[in-house]
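Chain B: place on chain A using the hints.
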Amino acid sequence: MLNWFSSVVRLINGEQEIGRSRGFWICAFAVAVGLIVLPRFVSAYALLNYSYIISMVFLALGLCLIWGFAGILSLGQAGYAYGVVGINLSQSGTTYLALIAGLMVPTLFAAVLSYVMFYARVKGVYVAIMMLVVTLLFETFLNQTAGPQWHIGVASLGGNNGLGRFSGAIHEPPSITLGLGSRLIEFSGQSVAFYYLEVGLLIAIYLCLRALVNSRFGLILAAIREDGARVESFGYDVRAIQLVVFCLGAALAALSGILYVSWGNFITPSVFGVTNNILPVIWVAVGGRKSLTATVISTVVLTWLSQRFAIQGEYAFVVMGALLVVVMMLRPEGLITSFGGRKTSASPPLSPGSSHDGR
Amino acid sequence: MLSEGFSLFYQYADSISLLMLSAVGLMIIFGMMGVINMAHGELMLVGAYTTSVVFYAGLPLFVAIPAGASAAAAFGIVLERLIIRRFYGQLLSSLVVTWGLSLLLAQGFLIIIGPSIRSLPTPFGSFSVGGFSYSYYRVFMFVIALAVTLAIWALLRFTKYGVEARATMENPAMAHALGVNTDRIYMVTFGLGAALAGLAGSLFALEAPIEPTFGRNYTPIAFITVVVGGSSDIVAGLIASALSLSAVRAIFTTQFNILIGYVAMLVSAFVLIRFIPNGLSEFLETVLNRLRRS
Numbered sequence: 001m002l003n004w005f006s007s008v009v010r011l012i013n014g015e016q017e018i019g020r021s022r023g024f025w026i027c028a029f030a031v032a033v034g035l036i037v038l039p040r041f042v043s044a045y046a047l048l049n050y051s052y053i054i055s056m057v058f059l060a061l062g063l064c065l066i067w068g069f070a071g072i073l074s075l076g077q078a079g080y081a082y083g084v085v086g087i088n089l090s091q092s093g094t095t096y097l098a099l100i101a102g103l104m105v106p107t108l109f110a111a112v113l114s115y116v117m118f119y120a121r122v123k124g125v126y127v128a129i130m131m132l133v134v135t136l137l138f139e140t141f142l143n144q145t146a147g148p149q150w151h152i153g154v155a156s157l158g159g160n161n162g163l164g165r166f167s168g169a170i171h172e173p174p175s176i177t178l179g180l181g182s183r184l185i186e187f188s189g190q191s192v193a194f195y196y197l198e199v200g201l202l203i204a205i206y207l208c209l210r211a212l213v214n215s216r217f218g219l220i221l222a223a224i225r226e227d228g229a230r231v232e233s234f235g236y237d238v239r240a241i242q243l244v245v246f247c248l249g250a251a252l253a254a255l256s257g258i259l260y261v262s263w264g265n266f267i268t269p270s271v272f273g274v275t276n277n278i279l280p281v282i283w284v285a286v287g288g289r290k291s292l293t294a295t296v297i298s299t300v301v302l303t304w305l306s307q308r309f310a311i312q313g314e315y316a317f318v319v320m321g322a323l324l325v326v327v328m329m330l331r332p333e334g335l336i337t338s339f340g341g342r343k344t345s346a347s348p349p350l351s352p353g354s355s356h357d358g359r
Numbered sequence: 001m002l003s004e005g006f007s008l009f010y011q012y013a014d015s016i017s018l019l020m021l022s023a024v025g026l027m028i029i030f031g032m033m034g035v036i037n038m039a040h041g042e043l044m045l046v047g048a049y050t051t052s053v054v055f056y057a058g059l060p061l062f063v064a065i066p067a068g069a070s071a072a073a074a075f076g077i078v079l080e081r082l083i084i085r086r087f088y089g090q091l092l093s094s095l096v097v098t099w100g101l102s103l104l105l106a107q108g109f110l111i112i113i114g115p116s117i118r119s120l121p122t123p124f125g126s127f128s129v130g131g132f133s134y135s136y137y138r139v140f141m142f143v144i145a146l147a148v149t150l151a152i153w154a155l156l157r158f159t160k161y162g163v164e165a166r167a168t169m170e171n172p173a174m175a176h177a178l179g180v181n182t183d184r185i186y187m188v189t190f191g192l193g194a195a196l197a198g199l200a201g202s203l204f205a206l207e208a209p210i211e212p213t214f215g216r217n218y219t220p221i222a223f224i225t226v227v228v229g230g231s232s233d234i235v236a237g238l239i240a241s242a243l244s245l246s247a248v249r250a251i252f253t254t255q256f257n258i259l260i261g262y263v264a265m266l267v268s269a270f271v272l273i274r275f276i277p278n279g280l281s282e283f284l285e286t287v288l289n290r291l292r293r294s
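Residue numbers (this note's numbering), protein chains in the order written: chain A, 1 to 359; chain B, 1 to 294.
In isolation and in its complexed conformation, chain A is listed as follows (with noise of 0.2 angstroms):
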């Protein structure tokens, strides 16, 4: 038992990721507490913001986990969390229906896709532009869907609108509900419980993020960041694995779109636009998409700064673009990584042959 535990340690503080010291871990420590006793402190206002920047954190992770531990950048992150329209399926009682759907449904379809692209052989920016097209797709599909025709069960899909209280459905997205028999809890956006819920599936997620990259996926996974031919060589089938870290990216997001969905009860097509797709890419980079601490820790800084700048004025989206440019042009693995982590070969990215240093 002692044994197992102490391999399970060793894996979630393995090598590929920073934060590996007593210091980072106390640290880490205290902002759990943190988290926890911080609904006594604040107002229930700053709750219910913070409990939507958490569910933001989980579609950064899973653009971490694709970009910046296999190298795949997906443009259409976002999109995924729109497969949440399975969350109108169950009408009364629980939705762990729902839930099902609204994470298997975008996940079979990352499958789908990422079959199609990477077993044959699509690789690099021709990934992302294709993301992009099938975002786009998306959007214009489901922009045209106003009328009543268009509808699953009897959520109507609302075109522009969106689902929610905002569009022609009457049925707006239910809040997460769990629970057996009669014993049920509803998770409500504005609820604390409902911000509970998130700090412990951001915990667990985040350790298990943490001994997957440690892990023996994980590491093929960074071999094939680094040189997808020659794990090739070695007998991986790079196109499953590929194709594994890439369901997972989309069930990640799909995760954040049913907290997102959940917490205000609406959703529009907006999600497939450039705006919405970006952000996720920004807050990846600019921490370090090699990290998901990195990750953690920029998402949950930048979407409180962006929305600072929002009540300044329009300037959130200036200050976002111009973070990034700034941080590809100096630090291009990402501030936290560059700042507080392990030394990162200063090679550019994309000159493999050069970084064969046993990381």
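Derived from the structure by calculation, the hints contain no laboratory data. Keep in mind that a hint or two might mislead.
Covered by chain A, per the in silico footprint, the following chain B stretches (three or more residues, Cβ under 8 angstroms) [said to hold, decoys possible]:
| # | region |
| --- | --- |
| 1 | 88 to 99 |
| 2 | 102 to 114 |
| 3 | 239 to 252 |
| 4 | 257 to 269 |
| 5 | 272 to 279 |
Even glycine gets a Cβ: it sits at the ideal position worked out from N, Cα and C.
Below, chain B alone, put in the same frame as chain A:
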């Protein structure tokens, strides 16, 4: 029958000019320098804004449109010197950095200039065939699209710049060693691409409202055209890609409706990238070589 045939042909030509004009600047930058310029739409916006300002200052359109192209070229060269030259040959990094630039510029223009600017009147009027009315201006754009493509081909084929640019594209280190000022070639090439983006923006501004997201209406289709065309031969890729994507779009638009036409074009682009990721130009080259050998 005749009028239906003309309608199909008109749709086809219209779609070709849209794809060619919006993609040509992007194609040059992608093909020559390996930079995916996501800020393409904002360069188009600079062209559109300038044209509107110059036109309402009282100057005629044949001055206002070149002014738009020149402003975009100047803006593009500034961007190239400051930022983009650090990202040559790095496809993914250049994509990410120019995407950030696009977000920054679009929102910056919105704050500085405001949500809309006076729209321009569409010149030349219309004519009718078989009861349907068509715009002379669309025909004019088609002619311009063909002329621009021809001019690019001639520029790359016959001028000193063209030879040096093609050499730089094939092998920058060797070209540099042989005395080509590759840095200057890159700057001029980016300026040329930006000028063509500005030209497209100016031309489209004559029949669409100008707003900060103006360019974003054209950027995605421009990308699709470029990637479907491929970078091994800029002109051949551009023509092949515009012809094939437009054919799909025109047929589906006349058979069903505009939406289905657009969706069909996107789907066919997806399928083409899936099967020939290096683009139509390389595919055609291989086919031609095979034919020649047999």
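Task: Hints violated by the structure (listed by number, smallest first) - done: 3
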